Structures are given as C-alpha cells and as structure tokens.
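*Asks:* Listed below are the residues making up each chain.
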Amino acid sequence: MSQDPLEVLSAFMDGEPVAPDTLAAALLAPGAREALVDFAGVRAQIAADDSRPSPAFYRAMNGLVGDRRRGVHTPWAILRAAVAVVVLALAAVGAISLGGRFRGNTAEEPPQATRIIQFTPGVDWHEGAQR
Amino acid sequence: MSAPDAAALFDRHHLAVFRFLRRMTGDFSLAEDLTQEVFLRVVRGLDSYEERARETSWVFRIARNVLSDRLRSQTRAPIDAPVHEAVALARPAVQALATALDQALSRLPDEEREAFLMREIGGLGYREIAEACGATADAARMRIYRARLALRQALGPSRSVTIMTPREVSK
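Top to bottom, those sequences are chains Z and V.
Start counting the first sequence at 198; every next residue gets the next number (my numbering).
Start counting the second sequence at 7; every next residue gets the next number (my numbering).
No wet-lab data here; the hints were simulated from the structure.
A couple of the hints might just be wrong.
To be verified - Partial chain Z-side listing against chain V, Cβ under 10 Å, derived:
#1 M210
#2 D218
#3 L224
#4 R240
#5 D247
To be verified - Across the chosen pairs, the derived CB separations fall in these ranges:
#6 Z:S251 with V:S112: 14 to 24 Å
#7 Z:Q200 with V:L46: 42 to 52 Å
#8 V:R133 with Z:S251: 33 to 43 Å
#9 V:G129 with Z:D218: 20 to 30 Å
#10 Z:Y255 with V:Y55: 36 to 46 Å
#11 V:D144 with Z:V280: 47 to 57 Å
#12 V:Y55 with Z:A226: 40 to 50 Å
#13 Z:V284 with V:R133: 45 to 55 Å
#14 V:R60 with Z:L287: 38 to 48 Å
#15 Z:L220 with V:N71: 30 to 40 Å
#16 V:Q80 with Z:A244: 23 to 33 Å
#17 V:D17 with Z:D218: 39 to 49 Å
#18 V:A143 with Z:S248: 23 to 33 Å
#19 Z:A226 with V:R18: 31 to 41 Å
Here the structure is a predicted model, which is why all the values come from computation and not from measurement.
We put the beta carbon where it would ideally sit given N, CA and C, even for glycine.
Based on the sequences and whatever the hints tell you, model everything.
*Replies:* In structure tokens:
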C-alpha cells in the first residue's frame, strides 16, 4: 500500500488492515488530523440519510416480493404440510399407545394374571424338604 | 445454506440500494424505479445465487448493472423525452432533495462515486466493490480515496464536519 498519509487514513477508515507504525506515521503528517475529521464528517452526512421510498413503491414491491413470501401456500408446500401433520398425528397415537402399555408394568400396579397355577402342600411341595 | 429468501433480502437491502441509487442518479423517483428493477432481478436470480458471494455484494452488483442498463437506454432514448427529465418535471419536489453533498457527489466521476457509495452506504469492502465494479481492489481503494479528497475539498472543512440531522438531509 502507498504510504501517502491521507490514503493510509482513508484505508483505515474503511476497516482495511493498517500497520500500527504506518498509522502512527500517517497521523503525524501535517493536516492528517483535520483530514481524518473531515472524512468522518462526510461519512456522518452519508449515514444521516434516512430517505425512504414512497408508499406506492412498497405497494408495488408487495406484489413482487410478497409473492415469494406467500410461496409457502403452493400445492407442493401444502402437500408437505399435510404429510407433516399426518406423521405428527401417527407419532402422537403411537406414543399414547406405548405409554398405556408400559403404564401397567409399574411397581404399584402389577400386571393382570393371565393364568392361575395352584400348588398343593404335601403333593407339589413338602415342608423342610431339601431341594 | 440455501439461497436467501426474496422477502428477507428485500427487507435487509432495499433501503441501502434505494439510497445508493438515489445518490447515484440524484433523482428520487428514478431511484425508486431502479430499486424495483433491482429486486425484480434479485427474485429472478435467486436460483443462480452463489453462496460464495457476499449477499450485499451480489445485490449491489445487480444494482450497478440495473443503473448501467438504464443509463445506456437513456443515451439511446429520444432527446426530447428522457425518462429522467420526465420524472423530474412531474415531481419538482425531487429537486429539493439536492443537498450540498448531493451536488458534490454529482460532480465526482461515476466510478469514484459508485465505489465511494458502495463503501459508505452498502458497507462493502474493497474486494467486494472491485468484484461488483469489475475492477481491482487497489483500484477500488484509490477511487474511494479520490472521492473522499474531492468531497472534502468541495464541502470544505467547516461544512464536512457539520452533521446534518435526517430531517435536514431529506429537505
């Protein structure tokens, strides 16, 4: 980069990498401080511009950009949304079903007996008998 | 990352593009027309959007192309019915938008003005400006520097540090 002091300051204002020594030397140049202030003044004037397009412009743009924004209502998007709803519904039904199945296995509620086996003392087992 | 949404792009960039074009043309209505054209092309070009390019740089490149196309077509248009003048005559209030800064900007060479405004309004870096303008980064840096010097000279030290309020600027 050129070592012209004002050019260095201009690049510095633009966020370009400037070596600290180079910047220090540039700031020592005659008139450098005033130039930097003037550059900042011009920037401030540009930044103070808050002009906006007219309402008619925005109405016209709604027709253009708004169409893209409303793109979620295309047939393909509607189909995707419907599929998503069905998948979510199936997932919810599955979760409820599984929840009901597991709920019976908790310690507080033993499972219902499906058959009953009866043992007769002295026939099926004996007191004090060795295993 | 997919191509950005047109509405989101518009929300993010339309003011900067409009202000850039207003400063470039000095004409409020023309800037509106051109901004519409820019975003029409943005919507059409979304499918070819390249992720490598910075979004702002891409939009400003389109803005520059739109402006160049309009200037070319005006050159070919009949002299008695230029779009720019017709708009200005229809809305004389547009003339009131001219400020000292606008006048100073209008006296800059086009390539310096556009590089400077892309930097100050669009926030583009030297490389992005170079890409948008078809120049080198060094050329972009020099154009901005020369524009700053010229504006400083035109506005004078006492004027350039006067910070105008938004209301003053829009008068």
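*Asks:* The structure should be examined with respect to each hint, and the outcome stated for every one.
*Replies:* Results for each hint:
| no. | hint | verdict |
| --- | --- | --- |
| 1 | M210 | holds (8 Å) |
| 2 | D218 | violated (20 Å) |
| 3 | L224 | violated (16 Å) |
| 4 | R240 | holds (6 Å) |
| 5 | D247 | holds (4 Å) |
| 6 | Z:S251 with V:S112: 14 to 24 Å | holds (22 Å) |
| 7 | Z:Q200 with V:L46: 42 to 52 Å | holds (46 Å) |
| 8 | V:R133 with Z:S251: 33 to 43 Å | holds (35 Å) |
| 9 | V:G129 with Z:D218: 20 to 30 Å | holds (28 Å) |
| 10 | Z:Y255 with V:Y55: 36 to 46 Å | violated (24 Å) |
| 11 | V:D144 with Z:V280: 47 to 57 Å | holds (54 Å) |
| 12 | V:Y55 with Z:A226: 40 to 50 Å | holds (44 Å) |
| 13 | Z:V284 with V:R133: 45 to 55 Å | holds (46 Å) |
| 14 | V:R60 with Z:L287: 38 to 48 Å | holds (43 Å) |
| 15 | Z:L220 with V:N71: 30 to 40 Å | holds (36 Å) |
| 16 | V:Q80 with Z:A244: 23 to 33 Å | holds (30 Å) |
| 17 | V:D17 with Z:D218: 39 to 49 Å | holds (43 Å) |
| 18 | V:A143 with Z:S248: 23 to 33 Å | holds (30 Å) |
| 19 | Z:A226 with V:R18: 31 to 41 Å | holds (39 Å) |
In summary, the structure is inconsistent with hints 2, 3, 10 from the numbered list given earlier, while agreeing with the others.
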